[in-house]
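If you're matching them up, the sequences are chains A and B in order.
Final position of the first sequence in full-length UniProt numbering is 355; the numbers increase by one with none missing.
Final position of the second sequence in full-length UniProt numbering is 355; the numbers increase by one with none missing.
Because the hints were derived from the structure by calculation, they are not lab data.
Nothing here was measured: the structure is a model prediction, and the numbers come from that model.
Hints should not be assumed to be uniformly reliable.
Intra- or inter-copy, both count: the list cannot distinguish identical chains.
As the list claims (entries may be wrong) - SDA-like, lysine to any residue: derived pairs with alpha carbons at most 25 Å apart:
1. LYS230 / ASP183
2. LYS215 / ASN100
3. LYS324 / GLN94
4. LYS170 / LYS354
5. LYS230 / LYS291
6. LYS10 / ILE60
7. LYS18 / GLU61
8. LYS132 / TYR55
9. LYS18 / THR59
10. LYS10 / SER253
11. LYS215 / TRP47
12. LYS215 / ILE153
13. LYS132 / ASP292
14. LYS336 / VAL353
15. LYS132 / ARG16
16. LYS327 / ARG91
17. LYS18 / ASP317
Protein chains: 2
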Amino acid sequence: MEIKTLEDIKLNLTERSKINDIDFENLSFGNVFTDHMLVCDFVNGQWKQPEIMPYAPFTIEPSARVFHYGQAIFEGMKAYKDEAGDVWLFRPEQNFARFNKSAVRLAMPEVPEEVFLGGLKKLIQIDKEWVKRGDGKSLYIRPFMIATSSGVIASPSNNYRFMIILSPAKSYYSGEVKVVIADHFSRAANGGIGAAKAAGNYSAQFYPTKLANEKGFQQIIWTDDATHTKLEEAGTMNVFFRINDTLYTAPTSERILDGVTRKSLIELAKKENINVEVRSVLVDELVAAAKDGSLKEIFGAGTAAVVNPIAGFAYKDEYFELPKVEKSYALYLKEKLTNIQNKVADDTFNWTVKI
Amino acid sequence: MEIKTLEDIKLNLTERSKINDIDFENLSFGNVFTDHMLVCDFVNGQWKQPEIMPYAPFTIEPSARVFHYGQAIFEGMKAYKDEAGDVWLFRPEQNFARFNKSAVRLAMPEVPEEVFLGGLKKLIQIDKEWVKRGDGKSLYIRPFMIATSSGVIASPSNNYRFMIILSPAKSYYSGEVKVVIADHFSRAANGGIGAAKAAGNYSAQFYPTKLANEKGFQQIIWTDDATHTKLEEAGTMNVFFRINDTLYTAPTSERILDGVTRKSLIELAKKENINVEVRSVLVDELVAAAKDGSLKEIFGAGTAAVVNPIAGFAYKDEYFELPKVEKSYALYLKEKLTNIQNKVADDTFNWTVKI
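Pulled out of the complex, with its shape left as it was, chain A reads as follows (with noise of 0.2 Å):
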């Protein structure tokens, strides 16, 4: 490790700022980018020094290891804008933790504190005009690396590359979210990588959720692969479900991502003395809860959404309308939640960072 502090990152600015040419008010999910970004490179068993440059494509091997093999792992956080105009992240330490943790699975290097929050850190000031406040605005963050090796040769990568890219954004999901329960596909395999956040766990839910989409469905809530029976997540999201007045959300395990949204709402739920059980939820408890109106709520959590309603749920040839409740659990906890993350509300957790 050759950095050891931020003066060691290498800057190369922009000369001229693309934000005015960005209209806040009208941004469709991740297309647009800051002005920089950063790149580190892990070579011969080191990595070099960090740079902050302007947003660019970059030249690439078509042998590069990541296209043919797939050592590619990434996370998904947020920074909000306060009142005072200060930047805070929202528990950057359990994404990086994450980030590490995918990357021992992926046989893919760690990367140093200093590069992934120091380097992040020093982004983020240097493209805090870019952070809006209001109307669920944030800057979602997107570290990511990738095996660059050359060779079509199918072992780990001896090269890779930390990016991270800066995207403003509103809100993820729009428009009402109807389910399908996977009673064939599944996205992830006992021993296998669900619990990294790994790009081939993703590829692998598009083709089923098209087949989804087809059908009216705007996401597929995922089964365990070898009995279809547990209910795990939904979409890219991990799930919870308010049955009566308790919400179950099925605990991580190798095919369950451990969500930084999904683990705040457990505390706040917690907190707000609503009972929580982590434990599975099985396809068949939901359909006898869905048919004695026990069953009040589904909702996906992830950071790009924060929380996600989802309006009924189809399995097999039935489909189950869920109620209109008085006191949606899952409005509740994404306001809680949103106005921690946004510094309207006091911050009881210690959760968020200042930058």
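Dock chain B against chain A, hints included.
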């Protein structure tokens, strides 16, 4: 589709071949590439004109979907030169069909035959001096496709790049191969993408393989992820077991790649009056056969290595050395198959295709 014939491929050839810089007697697998590559982009729902151009790095967006959501598939094929100097492919239509099956599973566009097979033939014609004879020499062919649309949103890409790169090859594996039978990690889920040649499948294998390497094993025999009782693949290859004088290999499934070498060996064995049964072999069965001496051979089968004999296997804390057999099916079938591929034996199956 705009391309109709090979004349529609744009040619942009190098002014100076690198071929005289290459030591063809000392090649490590997959590290040297020929003078040219084929590139064909899919944009706005259409395949554009393919181009054959000098092999070189290319530029890509940091937010290209392949880096974040893993839409990346490939094929492995080989070309061989006969005594007359003609170049031959081995069952290329099988790889073409499988590539497009992988494409469908990863919600990617199918590649037209004129681009995949037509482009491949044209590319090899141009770089035919790179195909050498003898000592297991061949030209390894790597068609692949990646998602190129920018944007960090977890949905299928709109744009894709299909490429073919070529690497002169000797043999893939070397030295004695000892394997360990997976009892925790796995490479594929039920209802997952294990049958697709998807980049993400390989990234899942590296960490468990690294752990196996540290214990002195070169590869892992993968088992079904739900029960770890069925033997499925060996490393990145299909796997065959010889118990007494019968060969066994698992049926293809959603978890198991439909290998071209695997299916060719099955047909070849039948023709040679070797009894072959396509059925799941259980771990317990293998251990029992090793103990009572009826287990004669284990070998991997794949394009790169063709046939890869395995010296012994570990399961839990026990290691089983395989016997030295007088008439090895692995070596016998490998010789029969490579003789067909190298055009030194009659190709009664009509597997080889002249370029």
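Hint-by-hint comparison with the structure:
no., hint, verdict
1, LYS230 / ASP183, "both (10 Å within a copy, 22 Å between copies)"
2, LYS215 / ASN100, "between (38 Å within a copy, 24 Å between copies)"
3, LYS324 / GLN94, "neither (34 Å within a copy, 53 Å between copies)"
4, LYS170 / LYS354, "within (21 Å within a copy, 56 Å between copies)"
5, LYS230 / LYS291, "within (18 Å within a copy, 39 Å between copies)"
6, LYS10 / ILE60, "both (21 Å within a copy, 22 Å between copies)"
7, LYS18 / GLU61, "between (29 Å within a copy, 17 Å between copies)"
8, LYS132 / TYR55, "within (19 Å within a copy, 44 Å between copies)"
9, LYS18 / THR59, "both (22 Å within a copy, 21 Å between copies)"
10, LYS10 / SER253, "neither (39 Å within a copy, 50 Å between copies)"
11, LYS215 / TRP47, "neither (47 Å within a copy, 27 Å between copies)"
12, LYS215 / ILE153, "between (40 Å within a copy, 22 Å between copies)"
13, LYS132 / ASP292, "neither (45 Å within a copy, 72 Å between copies)"
14, LYS336 / VAL353, "within (17 Å within a copy, 66 Å between copies)"
15, LYS132 / ARG16, "within (20 Å within a copy, 53 Å between copies)"
16, LYS327 / ARG91, "neither (28 Å within a copy, 63 Å between copies)"
17, LYS18 / ASP317, "neither (50 Å within a copy, 61 Å between copies)"
The earlier numbered hints that this structure contradicts are 3, 10, 11, 13, 16 and 17.
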